[in-house]
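2 protein chains.
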Amino acid sequence: MPRQITGSEIERLIQLLAKLPGLGPRSARRAALHLIKNKDRLLDPLTTALGEAGAKVVECTNCGNIDTVDPCTICSDPRRDTSIICVVEEVGDVWALERAAAVKGSYHVLGGTLSALEGIGPEELNIGTLLMRAEAPEVNEIIIAVNATVEGQTTAHYLTDQLKPSGVSVSRLAHGVPVGGELDYLDEGTLAAAMQARRPF
Amino acid sequence: MPRQITGSEIERLIQLLAKLPGLGPRSARRAALHLIKNKDRLLDPLTTALGEAGAKVVECTNCGNIDTVDPCTICSDPRRDTSIICVVEEVGDVWALERAAAVKGSYHVLGGTLSALEGIGPEELNIGTLLMRAEAPEVNEIIIAVNATVEGQTTAHYLTDQLKPSGVSVSRLAHGVPVGGELDYLDEGTLAAAMQARRPF
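Same order as they appear, the protein sequences are chains C and Z. The first sequence stops at residue 201 when you use my numbering, and every number in between is there. The second sequence stops at residue 201 when you use my numbering, and every number in between is there.
These are calculated hints, taken from the structure and not from any lab test. Heads up, a few of these hints could be off.
Note: identical chains are not told apart, hence a pair may lie in one copy or across any two.
[Unchecked claim] Lysine-lysine pairs mimicking PhoX-like chemistry, simulated, CA-CA at most 25 Å apart:
| hint | residue 1 | residue 2 |
| --- | --- | --- |
| 1 | Lys37 | Lys56 |
| 2 | Lys164 | Lys19 |
| 3 | Lys56 | Lys19 |
| 4 | Lys104 | Lys39 |
| 5 | Lys104 | Lys164 |
| 6 | Lys19 | Lys104 |
| 7 | Lys164 | Lys39 |
| 8 | Lys164 | Lys37 |
| 9 | Lys39 | Lys19 |
| 10 | Lys37 | Lys19 |
| 11 | Lys56 | Lys164 |
With the hints as constraints, model all of the structure from the sequences given.
See below:
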């Protein structure tokens, strides 16, 4: 802002809100105003919620998921199928797969992908614990659900190699046409993959 | 989410973030994760900033603006021209006009517009203080900068009537083509207004 128009506390709040993904400077100002106008209903509860989340958040020592308990809610859920481990890049992927209720087993969060460019080797990722978990007698399938990017696929290949000695079966997500997707808007790679993996009706 | 997958503190944080304007359930989850992953750099400072803003925010008794000091930063700025009062609907409008550095004087925030439909009469708005401020001998122009909506214009007409006895001159924002706007995309009302208010080159 060209001139100082509000107290520094509000300016600081706007600056911090603008750092959230999905909020730019303009929407951060709108969010700040909305918070201030709804002090009892929103600002105060959000302050408390942030404080509590901040104080309690831990990384699950078993799977690398983020939660307020360790082991995380998923790892300690007795209804989960302990024979399946689904390997993902980030915690956000766990949440996405859970929304789809697509995984009966537990997860393992790598915390990223191998990337020669960014200097991320196997040591930087949460791979050691995965190899240990794969040795457990009850585990018989590891689903590698990484992104369909170059880095993701490189990581998937590396993991498949590393998991070979454990004798556990390793699978990956299917490539194909997204549900609801229109062929006309899809890239050639996806179309070729979908065609190749075609299934009988 | 179909199943309980994280501790309730994180769920609660997501629910509250989703109430911010510009954030839906999906972006709220992304924002929550981003906050948790950047605890020291973002989550903790935001907790503090929210707490401080929440503790200090007050409405300016002079103009109705929201700030952490009363009178607000603008009302107490000695460089402001005290002969001009710019009347706006909401605090967000003050911020917008300040970004444009369009107002030399001070502001008066109504807190909304007259609306028969929503049962908002003059008593619900911050109009009494405006009429009192208009009586001050140093005030000689009141700019009514309300939205160009039916409610805004109704409010503007009402205020003009109310301000007549004070003898102060009352003006409104110009209607016309937005800077950078293309005629082809403008509505007929704006085009007609811009044509009628045409100015010599």
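So, going through the hints one by one against the coordinates:
Within a single copy, Lys37 and Lys56 get their C-alpha atoms only as close as 28 Å, which misses the 25 Å cut-off; across copies the closest is 13 Å, which meets it. For a Cα distance limit of 25 Å, the shortest separation of Lys164 from Lys19 qualifies neither inside one copy, at 42 Å, nor across copies, at 47 Å. In this assembly of identical chains, the alpha carbons of Lys56 and Lys19 lie at most 25 Å apart whether taken from the same copy (22 Å) or from different copies (22 Å). Proximity of Lys104 and Lys39 under a CA criterion of 25 Å is satisfied in neither setting, with 41 Å inside one chain copy and 30 Å between copies.
In this assembly of identical chains, Lys104 and Lys164 lie within 25 Å of each other by CA distance solely inside one copy; the values are 23 Å within and 72 Å between copies. In this homomeric assembly, Lys19 and Lys104 never come within 25 Å of each other (Cα to Cα): the closest approach is 35 Å inside a single copy and 31 Å across copies. For a Cα distance limit of 25 Å, the shortest separation of Lys164 from Lys39 qualifies neither inside one copy, at 56 Å, nor across copies, at 37 Å. Taking identical chains as interchangeable, the C-alpha atoms of Lys164 and Lys37 are never at most 25 Å apart, the minima being 58 Å within one chain and 32 Å between chains.
Taking CA atoms no more than 25 Å apart as the test, Lys39 paired with Lys19 passes in both settings, with 21 Å inside one copy and 13 Å between copies. Both within a single protomer and between protomers do Lys37 and Lys19 lie at most 25 Å apart by alpha-carbon distance, with minima of 21 Å and 13 Å respectively. In this assembly of identical chains, Lys56 and Lys164 lie within 25 Å of each other by CA distance neither inside one copy nor across copies; the values are 37 Å within and 60 Å between.
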